[in-house]
Amino acid sequence: MENIFMHSGIIAVFYFVLTTLYQKYIIKEKKAPKLIAGETCLVFASGVLGMYSIEYLDKGILKKSQPGAFIGKPEF
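Residues in the sequence shown are numbered consecutively from 1, following the UniProt record's numbering.
Keep in mind that the hints were calculated from the coordinates and are not lab data.
There is no bait here: all hints are sound.
Now the in silico label distances, taken between C-beta atoms and shown as ranges:
#1 2 / 68: 36 to 44 angstroms
#2 31 / 7: 20 to 28 angstroms
#3 69 / 32: 55 to 63 angstroms
#4 22 / 2: 24 to 32 angstroms
#5 49 / 74: 49 to 57 angstroms
#6 55 / 23: 31 to 39 angstroms
Built from N, CA and C at the ideal position, the CB exists for glycine as well.
All chains should be modelled from the sequences, with the hints used to inform the complete structure.
What follows is the structure, encoded as structure tokens:
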């Protein structure tokens with residue numbers, strides 16, 4: 001479970017840094033830091049929920065299964 005929070009935290013930090021750089025150098029408009037912090041918290045929460053759903057709620061949906069194929073000598 002701590003890996004989920006760590007990975008989500010890293011994703012949120014990347015989002016914060018990239019959003020700040022985008023606003024500073026690309027669009028050259030300042031957004032309120034409170035809005036950026038709120039969006040970063042939303043990214044963190046969505047990361048936690050997404051990773052939790054993949055790790056704990058997966059019932060074999062994401063696992064690949066081998067297709068059944070007859071490879072032996074026919075018995076008829």
